[in-house]
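**Student:** Sequence:
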Amino acid sequence: MTDELLQAIQLLKSKEWVDLTHTFGPNSPHFFMFDDAKFETLFSHDDGFFAQQFTFPGQYGTHIDPPIHFVRDTRYLEELELKELVLPLIVIDKSKEAETNNDYTLSVQDILNFEAEYGEIEAGTFVALRTDWSKRWPDKESFSNKDADGNNHLPGWGLEALQFLFKERKVSAIGHETFDTDSAADFRKNDKLDGEYFVLEQDTYQIELMTNLDKLPPKGAVIFNIVPKPEKASGFPVRSFAILP
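Counting in this note's numbering, the sequence shown runs from 1 upward without gaps.
There are no misleading hints in this set.
Capping the alpha-carbon separation at 30 Å, the derived lysine-lysine pairs in DSSO-like fashion look like this:
#1 Lys-215 with Lys-94
#2 Lys-229 with Lys-13
#3 Lys-229 with Lys-215
#4 Lys-96 with Lys-146
#5 Lys-167 with Lys-189
#6 Lys-215 with Lys-135
#7 Lys-83 with Lys-94
#8 Lys-192 with Lys-38
#9 Lys-15 with Lys-83
#10 Lys-94 with Lys-189
#11 Lys-229 with Lys-38
#12 Lys-94 with Lys-135
#13 Lys-96 with Lys-219
#14 Lys-135 with Lys-189
#15 Lys-170 with Lys-96
#16 Lys-232 with Lys-83
#17 Lys-15 with Lys-170
#18 Lys-215 with Lys-15
#19 Lys-192 with Lys-94
#20 Lys-219 with Lys-170
#21 Lys-192 with Lys-232
#22 Lys-215 with Lys-140
#23 Lys-94 with Lys-167
#24 Lys-135 with Lys-96
#25 Lys-83 with Lys-13
#26 Lys-229 with Lys-15
#27 Lys-96 with Lys-140
#28 Lys-170 with Lys-192
#29 Lys-146 with Lys-215
#30 Lys-96 with Lys-189
#31 Lys-219 with Lys-83
#32 Lys-83 with Lys-215
#33 Lys-170 with Lys-94
#34 Lys-94 with Lys-140
#35 Lys-229 with Lys-140
Don't read these hints as lab results, they were simulated from the structure.
Hey, can you work out the whole structure from these sequences and the hints?
**Tutor:** Rendered as structure tokens:
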């Protein structure tokens, strides 16, 4: 290994690293159409070694959605390039708004307000929406936040905000703390996940059910999204983390 690479590793390890990934299990919150995960012991130490079998949907726990998750004839998880999974990180904080209004939907004006304070969002970045919804984990009831009629109330991205980020600012990928890209209010209004479809139609990915966004600066960190490589996968649990500046 060259001195240059060694110095780069030493520099990175001198920085603060933040885990953006929930620990998940059979009782963790998940999308309502999925069954709970199953963790089974195949062999114990009494057999000479400990081995388990895990059964869960690809979209379980903190996970990555590649384009094929919503869009036909696009890339599977294995086709994402390694360098796509490491990006400069932007964090837009709307935690106070989401606490007051659980249906908060990010707008273009919210992005412009962010830029007025922190500067224009650069092309090629990963933009995460902080709502602090992850602090409800692992309470299923609190995380789903259903009303008396069974409707979820969760914050999320507005379609126009996503269009602005990808078309005008040329960002590379996004992430959020909730089950879905769209706010629950937009989903009820449109009866479909327009925002999620739009993101994946851009031939990119998103990270869902992120955590610890409250520990990150608005700009300056770098996100790593480390994931297994199953064949023809529509998504998979991911180990996302950030290195702070």
